[in-house]
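In the order they appear, the protein sequences are chains U and G. What the first sequence shows, in the UniProt record's numbering, is residues 1 to 226, in sequence order. What the second sequence shows, in the UniProt record's numbering, is residues 1 to 308, in sequence order.
There may be inaccurate statements among the hints.
[To be verified] Residues from chain G that keep clear of chain U, each with C-beta distances beyond 10 Å, as calculated:
hint : residue
1    : Leu-4
2    : Lys-134
3    : Leu-217
[Stated by the list, open to error] Reference listing, derived: stretches of chain U covered by chain G, where coverage requires no fewer than 3 residues with Cβ under 8 Å from a Cβ of chain G:
hint : segment
4    : 8-19
5    : 23-36
6    : 101-108
FYI, nobody ran anything at the bench for these hints, they're computed from the structure. As the structure is a computational prediction, the values presented were derived from the model and not from experiment. For glycine and all other residues, C-beta sits at the position ideal for the given N, C-alpha and C.
If you want the building blocks of each chain, they are given just below.
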Amino acid sequence: MITLEKVSKIYPHKVIALKDVSVTIEAGEFVSIVGQSGTGKTTLAKMIIAEEHPNEGRVIIGDWDITNINRKDVPLLRRQIGVVFQDFKLLPQKTLFENVAFALEVSGVSHEKIKQIVPQVLKIVGLQHKQDRFPREVSGGEQQRVVIARALVHRPKILVADEPTGNLDAINAHEIVELLLKINSFGTTVVLVTHNREIVNSLRKRVLTIDHGHLISDQATGKYRL
Amino acid sequence: MIALQASRAIKFAFQNFHRNLWLSIITFFIVAVAVFSISLVSALNVLGQRALQTVETKVDVTLELKTEVTEDQALAFKDRLTQSPTVQSVVYQSKAQAMENFKKVHEQDPNIQELLSELTSNPLPASIIIKAKKITDFESIMKFVDNEENLQLIANKDRDFQDSQTVIQKLTQITHRIREVGMVTSGVFALLSLIVLFNTIRIAIYTHREEIGIMRLVGASNGFIRAPFILESLIYSIIGAGIALGVIVFLWQSTAPAMYNFFFAGTNVNVSGILKEEFMTVIGWEFLGSIVLSVLSAWIATRRYLKV
Chain U
1 MITLEKVSKI YPHKVIALKD VSVTIEAGEF VSIVGQSGTG KTTLAKMIIA
51 EEHPNEGRVI IGDWDITNIN RKDVPLLRRQ IGVVFQDFKL LPQKTLFENV
101 AFALEVSGVS HEKIKQIVPQ VLKIVGLQHK QDRFPREVSG GEQQRVVIAR
151 ALVHRPKILV ADEPTGNLDA INAHEIVELL LKINSFGTTV VLVTHNREIV
201 NSLRKRVLTI DHGHLISDQA TGKYRL
Chain G
1 MIALQASRAI KFAFQNFHRN LWLSIITFFI VAVAVFSISL VSALNVLGQR
51 ALQTVETKVD VTLELKTEVT EDQALAFKDR LTQSPTVQSV VYQSKAQAME
101 NFKKVHEQDP NIQELLSELT SNPLPASIII KAKKITDFES IMKFVDNEEN
151 LQLIANKDRD FQDSQTVIQK LTQITHRIRE VGMVTSGVFA LLSLIVLFNT
201 IRIAIYTHRE EIGIMRLVGA SNGFIRAPFI LESLIYSIIG AGIALGVIVF
251 LWQSTAPAMY NFFFAGTNVN VSGILKEEFM TVIGWEFLGS IVLSVLSAWI
301 ATRRYLKV
């Protein structure tokens, strides 16, 4: 499903983000990518959505080699992958409903379908009753749930969550992880980038550990080892 | 699909406009002020140019004829002058007409009227009054007059003839200078307005830079992101420039009598007519220019934040 072949990313001044990373993530898997801050976890996540491109190696999503993806094709790729960010990245001038609807609008989905789908997805994340509020009018945990709703609304096969609990308290973080597990149970591949030890240990799912740009461990039911 | 995307672009543009109302009002206000300032300078320039033209058309040269010149000789001289392509008009004024005009001009002056009543003969000379098509044409007309055949008919060749040439030369220089200053001033204001307009739109879009990045990450295409911002800029320029130009037209019409007295007193110039004949074209270009510039600014500004 997701294949990285000998991927290296070296930034200017010889800053190594990733070095010779090879990994395959199968469809329907739940994979946690762990490591300390600045070790290259986020760079790896960004490569999956073509926000970064490798200097060496190949990145393949399904049958699509996106290593040197054309800029015009990037939106097409991103419409097939749901992304959850640590800093939410909600559109501040749009309501929660409009934020979720936006992911469908960019794909040209009709008004009628949007009116039908968005409330359902907001219901899954427990925010249907707050759909007309703006992001600033709800809590951090609720904002993150909206982000998940936005990532899910076009039914992606892959969901990339980059430190989704980084800005949340323990209770909200737990709720978000529960939501990710639920999504995974529907068959969506989940790639969770985190440095939260407790969450990773409680999941008992596959864990990739990255240290200074190198993949140092790949455990089928791993724990946070650093 | 295109209709759906277009309707969404329009919806987002108006949404941006009213959800960032203060920024929209400020942007629209700056656009209006920029367009107003260039329009004001253009209006003054158009009026100034027309005033110069009026002054130029008022310039004429009067050649006083010798007393012995017959009317046939004078009319033949007039015909020769009329054939010149640079001559606008030639009027022959007989001695009797000269006296008639003189009386009319001084009819309120009892002393002159008394003096005239005591005259036994008409001392005023017949004359030829020449108007040129352009003020600069006088030089060639004077050269034409300045030949032996013509000079035999003219009484004032040594005195007024040279004075007229000097005055015309100075007037020509002044009108050229005024035109140059008008063009440079308009150019400077146009450039300033251009810079202000360009940067206002850029700043308005700068405040949305993070949103543009988020839209890219969610899978929006460049065109989908860009269209609402371009439309929003269009709204700013259409409303801003529209109101600024509306105010200028209103000011022009309401101050037309005052402008007539200031620039064109004693002429048959129609100030409202200048608005329709000349200034509306300037306004049209300004309106079109502000729209094109807004679209271009929005295009350039969004391009910078679309590299995600």
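Task: Assertion that Leu-217 (chain G) lies outside the chain U interface [Cβ separation over 10 Å] - done: For Leu-217 (chain G), whose nearest Cβ neighbour in chain U is about 6 Å away, the distance does not exceed 10 Å, so it is violated.
TODO: Just double-check Lys-134 (chain G) for me: nearest Cβ-Cβ distance to chain U has to come out over 10 Å.
DONE: holds, 59 Å
Task: Given as non-interface: Leu-4 (chain G), which should sit over 10 Å from chain U by C-beta - done: violated, 6 Å
Task: Assertion that chain G covers the segment 23-36 of chain U - criterion: three or more residues, beta-carbon distance below 8 Å - done: violated (count 0)
Task: Annotated coverage of the segment 8-19 of chain U by chain G, confirmed only when three residues or more have a Cβ within 8 Å - done: violated (count 0)
TODO: Count the residues of the segment 101-108 of chain U whose CB lies closer than 8 Å to any CB of chain G, then report whether that count reaches three.
DONE: holds (count 6)
Going down the numbered hints, you'll see the structure goes against 1, 3, 4, 5, while the others check out.
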